[in-house]
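S.K.: Go ahead and model the full structure; you've got the sequences and the hints to work with.
Residue-level listing of the chains:
2 protein chains.
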Amino acid sequence: MEQNAKATIHYAGNETLIGISPSGHALAMGIGSDRDTAATPLELLMIAVGGCTAVDVISILQKKRQIVTDYRVEVSGERREERPRSFTKLFVHHIVRGRGVSPEAVESAIKLSDEKYCSVADTVKPKAEVITSFEVIEEDESV
Amino acid sequence: MEQNAKATIHYAGNETLIGISPSGHALAMGIGSDRDTAATPLELLMIAVGGCTAVDVISILQKKRQIVTDYRVEVSGERREERPRSFTKLFVHHIVRGRGVSPEAVESAIKLSDEKYCSVADTVKPKAEVITSFEVIEEDESV
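Here the protein sequences come in this chain order: A and B. Each step along the first sequence adds one to the number in numbering that gives the first Met the number 0, with nothing skipped, and position 56 is 55. Each step along the second sequence adds one to the number in numbering that gives the first Met the number 0, with nothing skipped, and position 117 is 116.
Honestly, the hints are just simulated from the structure, not real lab data. Among the hints, erroneous ones may be present.
Here chain A is said to cover these stretches of chain B; the calculated rule only asks that three of the stretch's residues, wherever they fall, bring their Cβ under 8 Å from a Cβ of chain A [unchecked claim]:
1) 37–48
2) 78–91
3) 115–126
Mimicking BS3-like on lysine-lysine, the simulated pairs with C-alpha atoms at most 25 Å apart in a straight line are [unchecked claim]:
4) A:LYS110 - A:LYS62
5) A:LYS110 - A:LYS88
6) A:LYS126 - B:LYS110
7) B:LYS88 - A:LYS126
8) A:LYS110 - B:LYS124
9) A:LYS88 - B:LYS63
10) A:LYS126 - B:LYS63
11) B:LYS88 - A:LYS5
12) A:LYS110 - A:LYS124
13) B:LYS63 - B:LYS110
14) B:LYS63 - B:LYS115
15) A:LYS115 - B:LYS88
16) A:LYS126 - B:LYS126
17) A:LYS110 - A:LYS63
18) A:LYS124 - A:LYS5
19) A:LYS110 - B:LYS126
20) B:LYS124 - A:LYS115
21) B:LYS115 - A:LYS126
22) A:LYS88 - B:LYS88
23) A:LYS5 - B:LYS5
24) B:LYS5 - A:LYS124
Computed footprint of chain B on chain A, listed as stretches where at least three residues anywhere in the stretch have a Cβ under 8 Å from a Cβ of chain B [stated by the list, open to error]:
25) 22–30
26) 83–89
27) 101–107
Since the model is a prediction, treat every value here as computed from it, not as a measurement. By construction, the Cβ of each residue, glycine as well, lies at the ideal position given by its N, Cα and C atoms.
M.R.: Set out below in structure tokens:
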């Protein structure tokens, strides 16, 4: 992303916003009303945190030649009771499925992302504490 | 959003991730490669910050009975040179078009969002300083 890259958010009526990323990709956002048209900005933040660390971890596991057949990240959080209702904790749980995947490799990839690479997670710290965890599931070769 | 709401990010291959928000809306994310399939997680963070304050500001201006005909927010940022390349500054610029819109009403709406309501902006502080600005454009009634 270049230094002066700009995201634009346009109010599109009908309780919907259109966000356009600096790279030119548009996506809809909802405003959190009953109508529930699209992910809300706060939900996007959770997805951004999980997506950022997912990019790092999958890339590191590929470099470590781990055989990963499925990978997902689950993000949940705790927020302040008072306004603004910012996140105070974000729980980032990695689920790695594969063949003979080394738990140590997964742990080290998550640690590298959390401490060194993930720009999004680092931006939300220290307001939100980011708590990581993981599980490794052996792919059943008979399936 | 309920307390135990969970966002899921699934690696979908082809340099793409699918994020599913706690409310059940899916969106694609790119990993920032040359292929450039979708907004990256870091871009989503910028959109989330702008979208969050946009929701507040448009709602406050509606309550103040301001006649707004178009509204958008532009978000740019500065990041650390070192890893992790988190944001140190986020510039959030509001562009309000309308008929006789009061600059004081806009300024006060932005201040309320920034200081009291916007959960996303508050989550990125103090790591990122959030710098707001705005312009009010009179709608040309002859158009």
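S.K.: None of the hints should be skipped; say for each whether it holds.
M.R.: Each hint tested on the structure:
1. Coverage of a stretch by a chain is defined here by at least three residues with a beta carbon nearer than 8 Å to that chain's beta carbons; for the stretch 37–48 of chain B and chain A the count is 12, and the condition holds.
2. With a cut-off of 8 Å between beta carbons, the stretch 78–91 of chain B has 6 residues touching chain A; three or more are needed, and the interface restraint holds.
3. Coverage of the stretch 115–126 of chain B by chain A holds. Counting CB-CB distances below 8 Å, 12 residues qualify, and the rule asks for three or more.
4. A hinted pair counts as satisfied when its Cα atoms are at most 25 Å apart, and LYS110 (chain A) with LYS62 (chain A) qualifies at roughly 15 Å.
5. Of the pairs offered as hints, the one joining LYS110 (chain A) and LYS88 (chain A) holds, with about 17 Å between alpha carbons and a cut-off of 25 Å not exceeded.
6. As the CA atoms of LYS126 (chain A) and LYS110 (chain B) are separated by approximately 20 Å, the hinted pair is consistent with the 25 Å bound.
7. The suggested pairing of LYS88 (chain B) with LYS126 (chain A) holds, with an alpha-carbon distance near 15 Å, which does not exceed 25 Å.
8. Under the criterion of a C-alpha separation no larger than 25 Å, the hint pairing LYS110 (chain A) with LYS124 (chain B) is consistent with the structure, at around 23 Å.
9. In summary, the hint linking LYS88 (chain A) to LYS63 (chain B) is not supported, as the alpha carbons are separated by about 34 Å, beyond the 25 Å threshold.
10. Using a Cα cut-off of 25 Å, the hinted pair LYS126 (chain A) and LYS63 (chain B) is violated, with the two alpha carbons roughly 32 Å apart.
11. Taken as a hint, the LYS88 (chain B) and LYS5 (chain A) pair is honoured in the structure, with Cα atoms around 13 Å apart against an allowance of 25 Å.
12. For the given pair, LYS110 (chain A) sits about 15 Å from LYS124 (chain A) by alpha-carbon distance, which is consistent with the 25 Å threshold.
13. A threshold of 25 Å between alpha carbons decides the hint, and for LYS63 (chain B) with LYS110 (chain B) the separation of about 15 Å falls inside it, so the pair holds.
14. In summary, the hint linking LYS63 (chain B) to LYS115 (chain B) is supported, as the alpha carbons are separated by about 17 Å, within the 25 Å threshold.
15. The hinted pair formed by LYS115 (chain A) and LYS88 (chain B) meets the criterion: a straight-line CA distance of about 19 Å does not exceed 25 Å.
16. A distance of roughly 8 Å separates the Cα atoms of LYS126 (chain A) and LYS126 (chain B); the hinted pair therefore holds under the 25 Å criterion.
17. Distance check on the hinted pair: LYS110 (chain A) and LYS63 (chain A) sit about 15 Å apart at the alpha-carbon level, within 25 Å; holds.
18. In summary, the hint linking LYS124 (chain A) to LYS5 (chain A) is supported, as the alpha carbons are separated by about 23 Å, within the 25 Å threshold.
19. Distance restraint check for LYS110 (chain A) and LYS126 (chain B): the Cα-Cα separation of roughly 20 Å lies within the 25 Å cut-off, and the hinted pair is therefore satisfied.
20. Only pairs whose Cα atoms come within 25 Å are accepted, and LYS124 (chain B) paired with LYS115 (chain A) is accepted, the gap being roughly 19 Å.
21. Of the pairs offered as hints, the one joining LYS115 (chain B) and LYS126 (chain A) holds, with about 15 Å between alpha carbons and a cut-off of 25 Å not exceeded.
22. Taken as a hint, the LYS88 (chain A) and LYS88 (chain B) pair is honoured in the structure, with Cα atoms around 22 Å apart against an allowance of 25 Å.
23. For the suggested pair LYS5 (chain A) and LYS5 (chain B), the alpha carbons sit about 29 Å apart, so the restraint of at most 25 Å is broken.
24. Annotation: proposed proximity of LYS5 (chain B) to LYS124 (chain A) holds, straight-line Cα distance about 19 Å (limit 25 Å).
25. Here the stretch 22–30 of chain A counts 6 residues with a CB under 8 Å from a CB of chain B, which clears the bar of 3, and the coverage holds.
26. A stretch counts as covered by a chain when three or more of its residues have a beta carbon under 8 Å from one of that chain; for the stretch 83–89 of chain A and chain B the count is 4, and the coverage holds.
27. Using a Cβ-Cβ cut-off of 8 Å, 0 residues of the stretch 101–107 of chain A lie near chain B, which falls short of the minimum of three, so the contact claim is violated.
Against the hints set out earlier in the document, violations occur for numbers 9, 10, 23 and 27.
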